[in-house]
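Okay, here's what each chain looks like letter by letter:
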Amino acid sequence: MNDGMTLRGGWNVEYNYAVGTTGKKFFDALIEKKIIAPKCSKCGLVMLPPRSFCERCFVPAEEWVEVGREGTIQAFTIVPVKFESLPEPPYAIAYVLLDGADTALVNFIRKVDLSDLGAAAKKLSIGKRVRVVFEKRRKGTINDFHYELIETGQARRQRSKK
Amino acid sequence: MSHRVAILGVGMTKIEGAKKDQKLDDMVFEASSKALADASVTREGIDSVVISGCDELDGRCISSMLLAMPAGAYLKDEIKVTDEGCYGVILAAMRLMTGLFDLSLVISWCKTSEAPVSDVMRMRWDPFYHRGFGMNHITSTALMAGVYKSQYGIPMDIPARVVVKNRKNGARNPNAHLQRPIKLSEVRSSPVVSWPLRALDCAPESDGACALVLASARKARELKRDPVWLAGFGWATDSYYLGGRDLSKLRSLGIAAGMAYGMARIKNPLKEIDIAEISDFSSYHELMVYEGLGFCRPGRAQDLIKEGLTDMEGVLPVNPSGGLLSSNPFTASGLFRVCEAYLQVKGNAENHQVQGVKRALAHGSSGFCAQGNAVFILSR
Ligand SMILES: [Zn+2]
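Protein chains in written order, with my numbering: chain A, 65 to 226; chain B, 14 to 393.
Rather than coming from a laboratory, the hints here were simulated on the basis of the structure. Be careful, since some hints might not be right.
[Claimed, not checked] Taking lysine-lysine pairs in the DSBU-like style, the calculated list, with each CA pair at most 35 Å apart, reads:
no. : chain 1 : residue 1 : chain 2 : residue 2
1   : B       : K181      : B       : K89
2   : A       : K146      : A       : K98
3   : B       : K36       : B       : K284
4   : A       : K88       : B       : K262
5   : B       : K47       : B       : K27
6   : B       : K262      : A       : K89
7   : B       : K181      : A       : K98
8   : A       : K106      : B       : K359
9   : B       : K89       : A       : K146
10  : A       : K146      : B       : K27
11  : B       : K27       : B       : K89
12  : A       : K146      : B       : K262
13  : B       : K93       : B       : K196
14  : A       : K186      : B       : K36
15  : A       : K187      : A       : K175
16  : A       : K187      : B       : K89
17  : B       : K284      : A       : K186
18  : A       : K175      : B       : K262
19  : B       : K33       : B       : K237
20  : B       : K359      : B       : K262
21  : B       : K89       : B       : K196
22  : A       : K146      : B       : K47
23  : B       : K27       : A       : K186
24  : B       : K33       : A       : K186
25  : A       : K97       : A       : K175
[As the list claims (entries may be wrong)] Pulled a few chain B residues facing chain A out of the computed Cβ check, cut under 7 Å:
no. : residue
26  : K33
27  : Y87
28  : T152
29  : S163
30  : Y165
31  : G166
32  : P168
33  : S203
34  : V206
35  : L236
36  : D239
37  : L260
38  : R264
39  : C309
40  : G321
Glycine residues also receive a C-beta, built at the ideal position from the N, C-alpha and C atoms.
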């Protein structure tokens with residue numbers, strides 16, 4: 065916009081975010097194709113993404129459990145338009161409650177035909193079963209895996225401890 | 014209650030898509046001057062200033078350094094709330110209730126036209142587990158809308174009717190950003206931006222600033238004003254992690270409303286409140302807010318829309334101003350709701366005035382999927 069009424073300016077700042085020992089343990093396990101989650105010693109909540117404490121009981125969570133590589137869609141959206149700084153459309157994301165976990169974890173859901181939005185939304189409905197698919201080369205980040213639909217799976221409702 | 018807080022006046026700039034003729038501080042000066050004039054008080058008389066803005070959207074660090082002056086704080090008390098603008102009312106009111114202050118100016122602003130809004134929203138997610146997954150204010154709200162729609166089987170016409178209602182109201186509000194009423198068919202045929210939300214289901218992005226003058230009961234009496242009282246307020250926050258929340262409901266809103274209703278002695282909000290100005294980030298969200306505020310049972314907000322109970326002519330008109338679906342100066346939108354509620358109780362809302370308003374509700378929220386919620390009851 066060069067109409068004399070605006071001045072272009074910006075900032076580009078880089079950070080070194082500490083992962084913490086809880087995060088490190090989770091990410092190291094991803095490299096080994098495992099999803100592990102801390103469990104609250106008081107209420108037993110199995111938390112993903114991992115946290116070092118239970119925000120409800122307010123006690124440290126030191127025990128870890130391995131959760132399943134399949135789960136149930138709790139929430140999803142399909143994004144067909146380009147938003148500034150967001151991935152190239154179309155993409156689909158889902159919060160999935162992995163078997164054995166009590167809180168859902170977001171990731172991309174891939175290998176779904178997103179060309180027909182209505183049809184894709186039906187395929188991805190809440191309650192559908194998905195599997196975790198690990199990438200071939202893993203770096204110890206949340207992008208080491210994504211979700212894919214288990215096509216034969218019947219939709220089912222699964223209640224978490226909410 | 015002995016520590017009552019009064020609202021003496023409000024000031025609002027016109028809400029627009031892009032205010033190029035005003036710098037941030039020009040816009041803030043306009044709103045604060047208008048509020049002081051409306052309250053018939055001077056800057057000298059103000060003893061406390063609470064400001065609220067979003068540094069990342071303002072494109073500057075500690076934006077209060079620039080904006081304290083146009084907010085009237087020259088060599089005075091000034092404190093900033095880095096949250097939705099309406100939280101400034103909470104802080105100011107509590108400070109007045111201590112008896113340490115008597116006359117406060119609360120102000121908030123947002124100039125979305127200058128800012129990379131989607132990028133700023135993405136940056137609100139933690140970098141480890143969320144940030145890379147294409148979630149901003151629209152796509153995260155869509156996740157929630159999808160859960161609500163699925164849980165209660167909401168027909169597509171219901172959210173579309175919310176949009177039509179609010180845009181119709183907005184067309185009567187000369188201060189609104191979008192003033193063209195729209196048809197049901199336009200909402201239904203607008204493109205999907207993040208399933209199930211269509212472009213017209215989502216609030217626009219706007220520029221605007223607004224301010225209120227609050228006074229202690231003692232000061233209001235001394236000035237011999239006929240104020241609007243802040244009869245109740247409440248606020249609460251939910252988990253940051255959406256995967257641990259039941260996205261079909263707004264639990265923190267229920268808690269906030271309970272607190273505000275308790276203070277204002279409201280038992281049946283649908284009957285006892287005359288109008289509500291709520292933060293409708295999306296059409297679906299307005300429905301969820303009805304339920305969070307206890308206007309109906311969970312899943313039954315669709316009945317209120319079907320029966321027209323929240324239309325201008327209904328038992329509880331919601332968003333006579335047009336709400337966020339007509340004007341959305343983002344982090345200032347909640348404070349605009351409080352200003353609009355004030356105008357309704359005062360009888361100064363002109364073309365969008367609802368007759369005989371004695372008690373009004375204002376609602377603001379912040380965070381992804383309305384993590385935090387604040388509720389205000391204004392009354393005669
Ligand atoms: Zn616990």
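Evaluated hints:
Restraint check: the Cα-Cα separation between K181 (chain B) and K89 (chain B) comes to about 42 Å, which exceeds 35 Å; the hinted pair is violated. Proposed proximity of K146 (chain A) and K98 (chain A) is supported: the alpha carbons are some 33 Å apart, at most 35 Å. The straight-line distance between the Cα atoms of K36 (chain B) and K284 (chain B) is roughly 43 Å, outside the 35 Å bound, and the hint therefore fails. Proximity of K88 (chain A) to K262 (chain B) is assessed by CA-CA distance (about 33 Å); at most 35 Å being required, the pair is judged to hold.
At roughly 12 Å between alpha-carbon atoms, K47 (chain B) and K27 (chain B) fall within 35 Å of each other, so this suggested pair holds. Among the hinted pairs, K262 (chain B) with K89 (chain A) is consistent with the structure: their alpha-carbon atoms are about 33 Å apart, no more than 35 Å. The hinted pair formed by K181 (chain B) and K98 (chain A) fails the criterion: a straight-line CA distance of about 53 Å is larger than 35 Å. Restraint check for K106 (chain A) and K359 (chain B): the C-alpha separation of about 52 Å exceeds 35 Å, so the hint is violated.
Taking the CA atoms of K89 (chain B) and K146 (chain A), the gap is near 46 Å; set against the 35 Å cutoff, the hint is violated. Distance hint between K146 (chain A) and K27 (chain B) is fulfilled; the C-alpha atoms sit about 30 Å from each other, no more than 35 Å. For the suggested pair K27 (chain B) and K89 (chain B), the alpha carbons sit about 28 Å apart, so the restraint of at most 35 Å is met. For the suggested pair K146 (chain A) and K262 (chain B), the alpha carbons sit about 28 Å apart, so the restraint of at most 35 Å is met.
Between K93 (chain B) and K196 (chain B) the CA atoms are separated by roughly 41 Å; this puts the pair beyond 35 Å, and the hint is violated. With a C-alpha separation of about 47 Å, the suggested pair K186 (chain A) and K36 (chain B) falls outside the 35 Å cut-off, and the hint is violated. A distance of roughly 11 Å separates the Cα atoms of K187 (chain A) and K175 (chain A); the hinted pair therefore holds under the 35 Å criterion. In summary, the hint linking K187 (chain A) to K89 (chain B) is not supported, as the alpha carbons are separated by about 60 Å, beyond the 35 Å threshold.
Distance restraint check for K284 (chain B) and K186 (chain A): the Cα-Cα separation of roughly 39 Å exceeds the 35 Å cut-off, and the hinted pair is therefore not satisfied. A distance of roughly 31 Å separates the Cα atoms of K175 (chain A) and K262 (chain B); the hinted pair therefore holds under the 35 Å criterion. At roughly 40 Å between alpha-carbon atoms, K33 (chain B) and K237 (chain B) are farther apart than 35 Å, so this suggested pair is violated. Taken as a hint, the K359 (chain B) and K262 (chain B) pair is honoured in the structure, with Cα atoms around 32 Å apart against an allowance of 35 Å.
Of the supplied pair hints, the one linking K89 (chain B) and K196 (chain B) is violated, its CA atoms being roughly 50 Å apart against a limit of 35 Å. For the given pair, K146 (chain A) sits about 39 Å from K47 (chain B) by alpha-carbon distance, which is inconsistent with the 35 Å threshold. A hinted pair counts as satisfied when its Cα atoms are at most 35 Å apart, and K27 (chain B) with K186 (chain A) does not qualify at roughly 42 Å. In summary, the hint linking K33 (chain B) to K186 (chain A) is not supported, as the alpha carbons are separated by about 44 Å, beyond the 35 Å threshold.
Among the hinted pairs, K97 (chain A) with K175 (chain A) is consistent with the structure: their alpha-carbon atoms are about 20 Å apart, no more than 35 Å. A cut of 7 Å between beta carbons decides the hint on K33 (chain B): the least distance to chain A is about 4 Å, and the hint holds. Restraint check, Y87 (chain B) versus chain A: the minimum CB separation of about 26 Å is more than 7 Å; hint violated. With a cut of 7 Å, the hint placing T152 (chain B) at the interface with chain A holds, because the nearest CB-to-CB distance is about 6 Å.
Interface restraint check: S163 (chain B) against chain A, minimum CB-CB distance 5 Å, threshold 7 Å, status holds. For Y165 (chain B), the interface hint is violated, the least distance from its beta-carbon to any beta-carbon of chain A being 12 Å, above 7 Å. Checking G166 (chain B) against chain A: minimum C-beta separation of about 12 Å lies over 7 Å; hint violated. Checking P168 (chain B) against chain A by beta carbon gives a least distance of about 15 Å; that is not within 7 Å, so the hint is violated.
At its closest, the beta carbon of S203 (chain B) sits 11 Å from a beta carbon of chain A; the interface hint therefore is violated under the 7 Å criterion. At its closest, the beta carbon of V206 (chain B) sits 5 Å from a beta carbon of chain A; the interface hint therefore holds under the 7 Å criterion. A hinted interface residue such as L236 (chain B) counts as satisfied when its beta carbon comes closer than 7 Å to some beta carbon of chain A; here the least separation is about 41 Å, so the hint is violated. With a least beta-carbon distance of about 42 Å to chain A, the hint placing D239 (chain B) at the interface is violated under the 7 Å criterion.
Interface hint status for L260 (chain B): upheld, as the beta-carbon distance to the closest one in chain A is roughly 6 Å, under 7 Å. With a cut of 7 Å, the hint placing R264 (chain B) at the interface with chain A is violated, because the nearest CB-to-CB distance is about 9 Å. A hinted interface residue such as C309 (chain B) counts as satisfied when its beta carbon comes closer than 7 Å to some beta carbon of chain A; here the least separation is about 22 Å, so the hint is violated. Proximity of G321 (chain B) to chain A is violated relative to the hint, the smallest CB-CB distance being about 29 Å (cut-off 7 Å).
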